[in-house]
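Enquirer: Sequential numbering of the sequence shown, starting at 1, is according to our numbering.
It is possible that part of the hints are untrue.
Claimed, not checked - Within a straight-line C-alpha distance of at most 25 Å, the following computed DSS-like cross-link-like pairs (lysine-lysine) qualify:
id, residue 1, residue 2
1, K179, K361
2, K406, K361
3, K184, K406
4, K371, K406
5, K356, K179
6, K279, K189
7, K212, K189
8, K303, K345
9, K179, K283
10, K345, K26
11, K189, K303
12, K152, K142
13, K371, K303
14, K183, K361
15, K142, K112
16, K179, K26
17, K283, K303
18, K283, K183
19, K142, K230
20, K183, K20
21, K54, K20
22, K371, K183
23, K20, K279
24, K356, K406
25, K179, K303
26, K356, K212
27, K189, K152
Said to hold, decoys possible - Pairwise CB distance ranges (calculated):
id, residue 1, residue 2, range
28, P246, K8, 28 to 36 Å
29, D55, E187, 45 to 53 Å
30, R268, S315, 53 to 61 Å
31, E239, G259, 19 to 27 Å
32, K179, E239, 38 to 46 Å
33, E300, N254, 16 to 24 Å
Derived from the structure by calculation, the hints contain no laboratory data.
Ideal placement from N, C-alpha and C gives every residue a C-beta, glycine not left out.
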Amino acid sequence: MTTEELYKKALELHRRYRGKIQVISKVSFREYNDLAIYYTPGVAAVCGQVYRDKDSVFEYTNRGNLVAVVSDGTRVLGLGDIGPEAAIPVMEGKALLFKLFGGVDAVALCLKTKDPEKIADIVEALEPSFGAINLEDVEKPKCFQITDRLQKSLEIPYWHDDHHGTGLVVLAGLINALKVVDKKLEEAKVAVGGTGAGGMGILRFLMMGGVKGENMLAFNTGGIVYEGRKEGMDRWTEEVAMRTNPRRTRGGLNEALEGADVFITATRPGPWIRRDAIKRMAKDAIVFSLANPIPEIIPEEAKAGGARIVATGRSDYPNQINNVLGFPGVFRGALDVRARKINDKMILAAAYTLAKLAEEKGLDENSIVPKATEPEVGPKVAAAVALAAMESGAARLSIPAEEVEKNTYKLINEHQRIMESVFATATV
Numbered sequence: 001m002t003t004e005e006l007y008k009k010a011l012e013l014h015r016r017y018r019g020k021i022q023v024i025s026k027v028s029f030r031e032y033n034d035l036a037i038y039y040t041p042g043v044a045a046v047c048g049q050v051y052r053d054k055d056s057v058f059e060y061t062n063r064g065n066l067v068a069v070v071s072d073g074t075r076v077l078g079l080g081d082i083g084p085e086a087a088i089p090v091m092e093g094k095a096l097l098f099k100l101f102g103g104v105d106a107v108a109l110c111l112k113t114k115d116p117e118k119i120a121d122i123v124e125a126l127e128p129s130f131g132a133i134n135l136e137d138v139e140k141p142k143c144f145q146i147t148d149r150l151q152k153s154l155e156i157p158y159w160h161d162d163h164h165g166t167g168l169v170v171l172a173g174l175i176n177a178l179k180v181v182d183k184k185l186e187e188a189k190v191a192v193g194g195t196g197a198g199g200m201g202i203l204r205f206l207m208m209g210g211v212k213g214e215n216m217l218a219f220n221t222g223g224i225v226y227e228g229r230k231e232g233m234d235r236w237t238e239e240v241a242m243r244t245n246p247r248r249t250r251g252g253l254n255e256a257l258e259g260a261d262v263f264i265t266a267t268r269p270g271p272w273i274r275r276d277a278i279k280r281m282a283k284d285a286i287v288f289s290l291a292n293p294i295p296e297i298i299p300e301e302a303k304a305g306g307a308r309i310v311a312t313g314r315s316d317y318p319n320q321i322n323n324v325l326g327f328p329g330v331f332r333g334a335l336d337v338r339a340r341k342i343n344d345k346m347i348l349a350a351a352y353t354l355a356k357l358a359e360e361k362g363l364d365e366n367s368i369v370p371k372a373t374e375p376e377v378g379p380k381v382a383a384a385v386a387l388a389a390m391e392s393g394a395a396r397l398s399i400p401a402e403e404v405e406k407n408t409y410k411l412i413n414e415h416q417r418i419m420e421s422v423f424a425t426a427t428v
């Protein structure tokens, strides 16, 4: 299917269904007297219970399985600042993926403000209604300002998917890609294109996973990042400068790729990188070109430049580095143990689990990460995250990881059965 055909089909189906999500009752409503149980007067007993014990809200309502997908629409996919209304299809899509692969209920909340303080205020005010918050498609530096505040102020899990999710899945993919080419993570020379939310997540989590900052170069529109650079720097880019490039290498794309084992780029849609740049890299080069909808360099061009392994964010090429591998399971695990935070140990546990799942199926140049549709991905990630939450002290509840895994399978399968029933009825 061509891109034009795909766009046409997407428009047709979104209009037919008027979006991708809806609310379906959990409870059976069979007779008039059920009103007395699920609404008044019976619901008053539930309200009283929660009033006496606020934490019981997670047992008596759906709060513990409800995530807000929050955006201001300022950096949507490869489309940029298209506004909150135009961002809704993406946030609904995110909600759909939460349900399909993690059994998590999620709602799209697209806000009519670009003020980071107001966005944080709104999220903090909404906290009592949700079990967790997912920030999505907010431009830099606002996304970092919001994240810095909400990670400290919220008592429920907070996650910025463009940052945390991207870094998690890239780390999992790189662990396995380096195994295929027989290179070591701690010795690999890595170039990272972009210092936005995705690029910063990649840099941070690769270093947490074992890549040495002294072996990393990052570059953005102002060139290679180094301590003392004046152009295009902010406090987050300064963090990159302090942790990478100790030799203060200067230049741009070509200089950053000279002798690099790995090139990971999360910048503007392409194609704008050519094979000649890839030719500067070391033998058996690894290229992750992650811009959507069009990668910075298409896989055929990267291969022609000498890359042995190429990954993109697209499903029509091998090695799709997609955040959907991470966030449904991460949130499922965090919600099941009623975690206060999603911390670094939980994210690393998810990354290592994804890498292991792919390795167990067999690694090669075209298979370094699992596919999101593989049924064990969400449950295995959820179990690993829950265990890490309990071990790191982030969890309020202690539950065997095996139970979390079983619960995830159950929720995913229940949703699948409901959908099959709904669509079977719709076609009668």
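Enquirer: For every hint, state whether the structure bears it out.
Expert: Structure-based check of all given hints:
1. Between the alpha carbons of K179 and K361 the distance comes to roughly 14 Å, so the proposed pair stays at or under 25 Å and holds.
2. Between the alpha carbons of K406 and K361 the distance comes to roughly 21 Å, so the proposed pair stays at or under 25 Å and holds.
3. About 35 Å separates the Cα atoms of K184 and K406, which puts this hinted pair outside 25 Å; it is violated.
4. Note on K371 and K406: the hinted pairing holds, with a Cα-Cα distance of about 20 Å set against a maximum of 25 Å.
5. Proximity of K356 to K179 is assessed by CA-CA distance (about 12 Å); at most 25 Å being required, the pair is judged to hold.
6. For the given pair, K279 sits about 15 Å from K189 by alpha-carbon distance, which is consistent with the 25 Å threshold.
7. A C-alpha spacing of about 8 Å is found between K212 and K189, which places the hinted pair at or below 25 Å, so the restraint holds.
8. Straight-line distance between C-alpha atoms of K303 and K345 comes to about 35 Å, which puts the hinted pair past the 25 Å bound.
9. For a cut-off of 25 Å, the pair hint linking K179 to K283 stands: about 14 Å separates their Cα positions.
10. Between K345 and K26 the CA atoms are separated by roughly 34 Å; this puts the pair beyond 25 Å, and the hint is violated.
11. Pair hint K189 plus K303 holds up; C-alpha atoms about 19 Å apart against a cutoff of 25 Å.
12. As the CA atoms of K152 and K142 are separated by approximately 16 Å, the hinted pair is consistent with the 25 Å bound.
13. For a cut-off of 25 Å, the pair hint linking K371 to K303 stands: about 22 Å separates their Cα positions.
14. Distance check on the hinted pair: K183 and K361 sit about 20 Å apart at the alpha-carbon level, within 25 Å; holds.
15. Between K142 and K112 the alpha-carbon distance is near 15 Å, which keeps this suggested pair within the 25 Å criterion.
16. Annotation: proposed proximity of K179 to K26 is violated, straight-line Cα distance about 45 Å (limit 25 Å).
17. For the hint pairing K283 with K303, the CA-to-CA distance comes to about 12 Å; that is within 25 Å, so the pair holds.
18. Distance check on the hinted pair: K283 and K183 sit about 11 Å apart at the alpha-carbon level, within 25 Å; holds.
19. Between K142 and K230, the direct Cα distance comes to roughly 20 Å. Compliance with the 25 Å bound is thereby established for this hinted pair.
20. In summary, the hint linking K183 to K20 is not supported, as the alpha carbons are separated by about 43 Å, beyond the 25 Å threshold.
21. For the proposed pair K54 and K20, the alpha carbon gap of about 33 Å is over 25 Å, so the pair is violated.
22. In summary, the hint linking K371 to K183 is supported, as the alpha carbons are separated by about 24 Å, within the 25 Å threshold.
23. With a C-alpha separation of about 43 Å, the suggested pairing of K20 with K279 is violated against the 25 Å cut-off.
24. Taking the CA atoms of K356 and K406, the gap is about 19 Å. The hint holds against a cut of 25 Å.
25. With a C-alpha separation of about 19 Å, the suggested pairing of K179 with K303 holds against the 25 Å cut-off.
26. For the proposed pair K356 and K212, the alpha carbon gap of about 22 Å is at most 25 Å, so the pair holds.
27. Annotation: proposed proximity of K189 to K152 is violated, straight-line Cα distance about 34 Å (limit 25 Å).
28. Judged by the Cβ atoms, the range 28 to 36 Å given for P246 and K8 is violated: they are separated by roughly 51 Å.
29. One distance hint, 45 to 53 Å for the beta-carbon pair D55 and E187, holds here, with the actual separation near 48 Å.
30. A C-beta distance of roughly 20 Å is found between R268 and S315, which places it outside the suggested range of 53 to 61 Å.
31. At about 25 Å, the CB distance of E239 to G259 agrees with the hint of 19 to 27 Å.
32. Range check, K179 to E239: about 29 Å between beta-carbon atoms, so the 38 to 46 Å window is missed.
33. For the hinted restraint 16 to 24 Å between E300 and N254, the CB-CB distance of approximately 21 Å keeps it satisfied.
Of the numbered hints stated above, those contradicted by the structure are hints 3, 8, 10, 16, 20, 21, 23, 27, 28, 30 and 32, listed in ascending order.
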